[in-house]
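Student: For the sequence shown, this note's numbering puts the final residue at 193, and the numbers step up evenly by one.
In short, the hints are calculated from the structure, not lab data. Mixed in with the good hints, there may be bad ones.
With a Cα cut of at most 25 Å, we get these calculated SDA-like pairs of lysine to any residue [claimed, not checked]: (1) Lys32 x Leu113; (2) Lys168 x Ile45; (3) Lys32 x Ile176; (4) Lys106 x Lys156; (5) Lys156 x Leu35; (6) Lys33 x Thr49; (7) Lys121 x Ala173; (8) Lys100 x Glu56; (9) Lys106 x Pro93; (10) Lys89 x Ala167; (11) Lys121 x Asp103; (12) Lys32 x Arg157; (13) Lys33 x Arg142; (14) Lys76 x Gly55; (15) Lys156 x Ala132; (16) Lys76 x Gly28; (17) Lys185 x Pro93; (18) Lys185 x Lys76; (19) Lys156 x Lys185.
Listed next, with one range per pair, are the computed distances between beta-carbon atoms [what the hints assert, rightly or not]: (20) Asp103 x Val166: 20 to 28 Å; (21) Lys121 x Gly28: 22 to 30 Å; (22) Gly77 x Arg37: 29 to 37 Å; (23) Asp58 x Ala83: 42 to 50 Å; (24) Glu95 x Asp149: 32 to 40 Å; (25) Gly28 x Gln99: 33 to 41 Å; (26) Leu54 x Glu170: 15 to 23 Å; (27) Val159 x Asn88: 18 to 26 Å; (28) Asp58 x Glu114: 19 to 27 Å.
Just so it is clear, CB atoms sit at the ideal spot from N, CA and C, and this is done for glycine as well.
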Amino acid sequence: MASSSASSSFTVITGPSGVGKGSLVKKLLDRHPEIWLSISATTRLPRLGEIDGKDYFFMQEDIFEELINKGGFIEWAEFAGNKYGTPCEPVQQKLDDNQKVLLEIELEGARQVRKSFPDALMVFLAPPSLEELERRIRGRASDSEESIRKRLVRAREELVAKDEFDAVVINDVLEEALKELEELIFS
7 MASSSASSSF TVITGPSGVG KGSLVKKLLD RHPEIWLSIS ATTRLPRLGE
57 IDGKDYFFMQ EDIFEELINK GGFIEWAEFA GNKYGTPCEP VQQKLDDNQK
107 VLLEIELEGA RQVRKSFPDA LMVFLAPPSL EELERRIRGR ASDSEESIRK
157 RLVRAREELV AKDEFDAVVI NDVLEEALKE LEELIFS
């Protein structure tokens, strides 16, 4: 799918819910606007304020299915009755233009990406401890106790997978994690 020279510009970040992927990626993009963040496609309806082509590519179910059948996704999965995926074409286009590409994704998606782009830099973002991860998730004050428990069980399972990745960045102090991520991407 991708040539190895193009893939070396491709970074995939994953980690458990609540670890700070979104905060880290936002800071990285603020400092490095030359990095292109891949936009996912979804079959779910847009939430208030979300813009098609900026937040997600919002697709009808049949169009999404057609893309799956044509091999049009680097990875895709179904969550809560909606499908989510990373379209191949825009990612490959940016890589062909020698632009750095960043993909922030869940663990299963990262594993799928590894198959298509074996030379991609795979980064696992980990919390300093499970206790700190729990504190962060609770600090959001947006999840039920049941949801928090599920996230923590899943986080324990995901943390076991960190050895599958090229690098593990501990997100203890955001600025230090950002510096480490920059070194990985730009070295």
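Student: The structure should be examined with respect to each hint, and the outcome stated for every one.
Tutor: Here is how each hint holds up against the structure:
Under the criterion of a C-alpha separation no larger than 25 Å, the hint pairing Lys32 with Leu113 is consistent with the structure, at around 19 Å. For the given pair, Lys168 sits about 24 Å from Ile45 by alpha-carbon distance, which is consistent with the 25 Å threshold. Our distance criterion of 25 Å between C-alpha atoms is met by Lys32 and Ile176, whose separation comes to about 17 Å. Proposed proximity of Lys106 and Lys156 is contradicted: the alpha carbons are some 34 Å apart, above 25 Å.
Annotation: proposed proximity of Lys156 to Leu35 is violated, straight-line Cα distance about 30 Å (limit 25 Å). Taken as a hint, the Lys33 and Thr49 pair is broken in the structure, with Cα atoms around 28 Å apart against an allowance of 25 Å. Between Lys121 and Ala173 the alpha-carbon distance is near 17 Å, which keeps this suggested pair within the 25 Å criterion. The suggested pairing of Lys100 with Glu56 holds, with an alpha-carbon distance near 23 Å, which does not exceed 25 Å.
At roughly 16 Å between alpha-carbon atoms, Lys106 and Pro93 fall within 25 Å of each other, so this suggested pair holds. Pair hint Lys89 plus Ala167 holds up; C-alpha atoms about 23 Å apart against a cutoff of 25 Å. Between the alpha carbons of Lys121 and Asp103 the distance comes to roughly 22 Å, so the proposed pair stays at or under 25 Å and holds. At most 25 Å may separate the alpha-carbon atoms for a hinted pair to count; Lys32 and Arg157 meet this at roughly 22 Å.
A threshold of 25 Å between alpha carbons decides the hint, and for Lys33 with Arg142 the separation of about 18 Å falls inside it, so the pair holds. At most 25 Å may separate the alpha-carbon atoms for a hinted pair to count; Lys76 and Gly55 exceed this at roughly 31 Å. Taken as a hint, the Lys156 and Ala132 pair is honoured in the structure, with Cα atoms around 17 Å apart against an allowance of 25 Å. With a CA separation close to 30 Å, the supplied pair Lys76 and Gly28 exceeds the 25 Å bound.
The suggested pairing of Lys185 with Pro93 is violated, with an alpha-carbon distance near 29 Å, which exceeds 25 Å. Proposed proximity of Lys185 and Lys76 is contradicted: the alpha carbons are some 39 Å apart, above 25 Å. With a C-alpha separation of about 31 Å, the suggested pair Lys156 and Lys185 falls outside the 25 Å cut-off, and the hint is violated. With their beta carbons about 37 Å apart, Asp103 and Val166 fall outside the hinted range of 20 to 28 Å.
Under the hint 22 to 30 Å, the C-beta atoms of Lys121 and Gly28, about 25 Å apart, fit the expected range. At roughly 35 Å, the beta carbons of Gly77 and Arg37 sit within the given window of 29 to 37 Å. A beta carbon spacing of about 20 Å between Asp58 and Ala83 contradicts the range 42 to 50 Å that was offered as a hint. The hinted range of 32 to 40 Å is satisfied by Glu95 and Asp149, whose Cβ atoms lie roughly 35 Å apart.
For Gly28 and Gln99, the hinted distance range of 33 to 41 Å is not satisfied, since their beta carbons lie about 24 Å from each other. The hint said 15 to 23 Å for the Cβ distance between Leu54 and Glu170, and at roughly 37 Å that hint is violated. For Val159 and Asn88, the Cβ-Cβ distance of about 22 Å falls inside the hinted range of 18 to 26 Å, so the restraint holds. Between Asp58 and Glu114 the beta carbon distance is about 25 Å. The supplied range of 19 to 27 Å therefore holds.
Hints 4, 5, 6, 14, 16, 17, 18, 19, 20, 23, 25 and 26, counting from the list given before, are not met by this structure.
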